[in-house]
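Trainee: Listed below, chain by chain, are the residues.
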Amino acid sequence: MMKKLGLSVLLLGVALVAAWNFVAIPGSNSWSAEELQLINSLSIERLAPLPADPSNRVADLPAAAEFGHRLFFDTRLSGNGSIACATCHRPELMFTDAFQMAMGAAPGPRHTPSLVGLSHSPWYYWDGRKDSQWAQALAPLEAAIEHGIDRLQVARLIDSDSSYRQMYNALFGALPVIPATPLAASPLGDEREQINWNSLSGAQQNEVSRVFANLGKAIAAYERKLMPGAARFDAYARSIAASSELDQGDILSSNELAGLRLFIGKAQCVSCHNGPLFTNHEFHNTGVLSIAGQLPSMGRYDGIRTARSDPFNCLGEFSDAEQADCIELRFARDDNSLVGAQKTPTLRNVSWTAPYMHGGQLATLAAVLNHYNEAPLSMLSHNEAKPLALRPVERRQLEAFIRTLSAPLATEPKWLAPAVEFTQSN
Amino acid sequence: MLQKISLMALLLGLSLLTLHASEARRADLQSTTDSGISVEIYSQLSPLEINRIHSWKLVIHDAAGNLLSGAELTLTGGMPDHDHGIPTLPQFTERADAGVYSLQGIRFHMPGKWQIVLSITNAGETERVLIDFQL
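For the record, the sequence lines run as chains A and B. Per my numbering, residue 1 is the first one in the first sequence, and the count goes up by one each step. Per my numbering, residue 427 is the first one in the second sequence, and the count goes up by one each step.
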């Protein structure tokens, strides 16, 4: 008798565990007005036109995008002749690299983010230490672990390639005389490069830095072409615009719909991953474990300070903006709430861009959902996300929903491979 | 008159202060302090939306209904249900016309319930007014 009872308790337990893990609770079969509004706000059809970049005069000139396109894929823009932007930002991987940490001239300290739809963001890098896409593009060129080249050699490359020189002159006016010596010079380089930099006159330094900034502006014009395409979720959002019935044929499965309901409801993902790009472009501490072998990242707390002192920022002499245009930089928050805060990434195409987070700490979407479910304490400051108590089946539903956000880019194919002229002339 | 009063009551009840019949354009937000100072907020982005930095014009009248110039204003805010504030540091910049104040650099970054807290210091007295709204 006792044994029989024990067995049935055991069986009941097994059944309950199985149900907890696998059985979905049937949801309601329509959306509330608020849910409909949220779903609509995520649709790609609601994506606003690309915001102007007043700090970059050539941001929307086709000739600048053509020039930037060639620069983006050009490995001659590196110390060892083998690294281009596209080495790490690979078009076929939504401009990521599938590595946990970036691999340039040497291993890097951060995971490579996607560049898709990024031109909508006012801030760049995980910690937001750059306030424009053109200023961002300059940093990897001079980073020893990335391209490992310097602004003087980059300027000289433009001077020595007649087609580059033509493109440059047409956009920015005549290329100045580039000093023939020293070989390499930059205010940010190693000791030798800095000494060399200081051997140039102030006027020469200014001219070389201006050429360098202009190349960043051309690269940014190219990056503005990289836009996400309509995915299955968007087809669904469009289909329910007319009616609040949940079931719209078979655009989304019942699991995907349940995931969507969690995303905008109980799981609160939409707090930060909102708008048509599924990001608010803001900085949040989400308690992601610090990168092995590194101190926890100070995140945006340091990032905003770096951005303010960057000579290439919106208020700097190489920017085309008026002071009044630099609203984001002038009114940015810099307090303790930003300690350990990283920039919210887009979730568009995220199922194709593993691993995840600023250090590639989480290998799979399932691991990401476990992370949010637990909402571990942050090593620095506090985790803004709260534990979710999602059942395993709900986590799988959320993941299924996130997978409906992937689709080929809405970008002309010619931008997704090296420029044709370039492969011919090389 | 009666109609106006009941309209005000309705708006108060909803704590969603969005209408003001006397302006050509409706204020995006509005409220009145305990002592009767009225605040109307006209947003550059109307209706208000998340993720875009923008500016506001605030029109302030004293209890007698006259434009109130020369007050010191500060604005903070956040989401009462989450423990965070406005993601930018909006500032009152120039003072344009009489009773009109200009706020720059405001942005909201989450859908949901927001609250702004406006402090108005006039003639040595400081009053606070809370305005709730949904984004």
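If you're looking for bench data, these hints aren't it; they were derived computationally from the structure. Hints are not guaranteed to be accurate.
Derived SDA-like pairs: lysine to any residue, alpha-carbon spacing no greater than 25 Å straight-line [claimed, not checked]:
#1 B:539 <-> B:491
#2 B:539 <-> B:493
#3 B:539 <-> A:48
#4 B:539 <-> A:335
#5 A:225 <-> A:321
#6 B:539 <-> B:523
#7 A:414 <-> A:66
#8 B:483 <-> B:503
#9 A:386 <-> A:414
#10 B:539 <-> A:388
#11 A:386 <-> B:559
#12 A:414 <-> A:400
#13 A:266 <-> A:225
#14 A:386 <-> B:490
#15 B:539 <-> A:382
#16 A:266 <-> B:499
#17 B:539 <-> A:265
#18 B:539 <-> B:499
#19 A:386 <-> B:504
#20 B:539 <-> A:286
#21 A:386 <-> B:498
#22 B:539 <-> A:255
#23 B:539 <-> B:471
#24 A:386 <-> B:541
#25 B:539 <-> B:525
#26 B:539 <-> B:476
#27 A:225 <-> A:54
#28 B:539 <-> A:373
#29 A:266 <-> B:475
#30 B:539 <-> A:66
#31 A:225 <-> A:120
Simulated coverage check for chain A against chain B, where a stretch passes if three residues somewhere in it have a Cβ under 8 Å from a Cβ of chain B [unchecked claim]:
#32 64 to 74
#33 325 to 337
Label pairs and their computed distance ranges (CB to CB) [stated by the list, open to error]:
#34 B:458 <-> A:37: 22 to 32 Å
#35 B:528 <-> A:60: 44 to 54 Å
#36 B:518 <-> A:414: 33 to 43 Å
#37 A:302 <-> B:520: 44 to 54 Å
Backbone N, C-alpha and C define an ideal beta-carbon position, used for all residues, glycine too.
Trainee: Next, verify each hint and record whether it holds.
Mentor: Now the hints, each set against the structure:
Of the pairs offered as hints, the one joining residue 539 (chain B) and residue 491 (chain B) is violated, with about 30 Å between alpha carbons and a cut-off of 25 Å exceeded. At most 25 Å may separate the alpha-carbon atoms for a hinted pair to count; residue 539 (chain B) and residue 493 (chain B) exceed this at roughly 30 Å. Proposed proximity of residue 539 (chain B) and residue 48 (chain A) is supported: the alpha carbons are some 23 Å apart, at most 25 Å. Only pairs whose Cα atoms come within 25 Å are accepted, and residue 539 (chain B) paired with residue 335 (chain A) is accepted, the gap being roughly 23 Å.
About 21 Å separates the Cα atoms of residue 225 (chain A) and residue 321 (chain A), which keeps this hinted pair within 25 Å; it holds. Our distance criterion of 25 Å between C-alpha atoms is broken by residue 539 (chain B) and residue 523 (chain B), whose separation comes to about 32 Å. Between residue 414 (chain A) and residue 66 (chain A) the alpha-carbon distance is near 10 Å, which keeps this suggested pair within the 25 Å criterion. With a CA separation close to 17 Å, the supplied pair residue 483 (chain B) and residue 503 (chain B) stays within the 25 Å bound.
Taking the CA atoms of residue 386 (chain A) and residue 414 (chain A), the gap is about 44 Å. The hint is violated against a cut of 25 Å. Between residue 539 (chain B) and residue 388 (chain A), the direct Cα distance comes to roughly 20 Å. Compliance with the 25 Å bound is thereby established for this hinted pair. For the proposed pair residue 386 (chain A) and residue 559 (chain B), the alpha carbon gap of about 24 Å is at most 25 Å, so the pair holds. Taken as a hint, the residue 414 (chain A) and residue 400 (chain A) pair is broken in the structure, with Cα atoms around 31 Å apart against an allowance of 25 Å.
As the CA atoms of residue 266 (chain A) and residue 225 (chain A) are separated by approximately 35 Å, the hinted pair breaks the 25 Å bound. Between residue 386 (chain A) and residue 490 (chain B), the direct Cα distance comes to roughly 47 Å. Violation of the 25 Å bound is thereby established for this hinted pair. Distance check on the hinted pair: residue 539 (chain B) and residue 382 (chain A) sit about 22 Å apart at the alpha-carbon level, within 25 Å; holds. Taking the CA atoms of residue 266 (chain A) and residue 499 (chain B), the gap is about 38 Å. The hint is violated against a cut of 25 Å.
The suggested pairing of residue 539 (chain B) with residue 265 (chain A) holds, with an alpha-carbon distance near 14 Å, which does not exceed 25 Å. For the hint pairing residue 539 (chain B) with residue 499 (chain B), the CA-to-CA distance comes to about 23 Å; that is within 25 Å, so the pair holds. Between the alpha carbons of residue 386 (chain A) and residue 504 (chain B) the distance comes to roughly 18 Å, so the proposed pair stays at or under 25 Å and holds. Under the criterion of a C-alpha separation no larger than 25 Å, the hint pairing residue 539 (chain B) with residue 286 (chain A) is consistent with the structure, at around 21 Å.
Between the alpha carbons of residue 386 (chain A) and residue 498 (chain B) the distance comes to roughly 38 Å, so the proposed pair goes past 25 Å and is violated. Between residue 539 (chain B) and residue 255 (chain A) the CA atoms are separated by roughly 29 Å; this puts the pair beyond 25 Å, and the hint is violated. Restraint check: the Cα-Cα separation between residue 539 (chain B) and residue 471 (chain B) comes to about 18 Å, which is no more than 25 Å; the hinted pair holds. Simply put, residue 386 (chain A) and residue 541 (chain B) have alpha-carbon atoms about 21 Å apart, close enough for the 25 Å limit, and the pair holds.
For a cut-off of 25 Å, the pair hint linking residue 539 (chain B) to residue 525 (chain B) is broken: about 28 Å separates their Cα positions. A hinted pair counts as satisfied when its Cα atoms are at most 25 Å apart, and residue 539 (chain B) with residue 476 (chain B) qualifies at roughly 12 Å. Proximity of residue 225 (chain A) to residue 54 (chain A) is assessed by CA-CA distance (about 17 Å); at most 25 Å being required, the pair is judged to hold. Distance restraint check for residue 539 (chain B) and residue 373 (chain A): the Cα-Cα separation of roughly 23 Å lies within the 25 Å cut-off, and the hinted pair is therefore satisfied.
Distance hint between residue 266 (chain A) and residue 475 (chain B) is fulfilled; the C-alpha atoms sit about 22 Å from each other, no more than 25 Å. For the suggested pair residue 539 (chain B) and residue 66 (chain A), the alpha carbons sit about 44 Å apart, so the restraint of at most 25 Å is broken. Distance restraint check for residue 225 (chain A) and residue 120 (chain A): the Cα-Cα separation of roughly 11 Å lies within the 25 Å cut-off, and the hinted pair is therefore satisfied. Chain B is given as covering the region 64 to 74 of chain A, and this is violated because 0 residues of the stretch bring a CB closer than 8 Å to a CB of that chain, at least three being needed.
Remark: the region 325 to 337 of chain A is confirmed as covered by chain B, as 8 of its residues place a Cβ nearer than 8 Å to a Cβ of that chain, reaching the required three. The hint said 22 to 32 Å for the Cβ distance between residue 458 (chain B) and residue 37 (chain A), and at roughly 29 Å that hint holds. Judged by the Cβ atoms, the range 44 to 54 Å given for residue 528 (chain B) and residue 60 (chain A) is violated: they are separated by roughly 29 Å. Separated by about 48 Å at the C-beta atoms, residue 518 (chain B) and residue 414 (chain A) break the suggested range of 33 to 43 Å.
A hinted range of 44 to 54 Å is violated for the C-beta pair residue 302 (chain A) and residue 520 (chain B), which are about 32 Å apart.
Taken one by one, the earlier hints fail for this structure at numbers 1, 2, 6, 9, 12, 13, 14, 16, 21, 22, 25, 30, 32, 35, 36 and 37, listed in ascending order.
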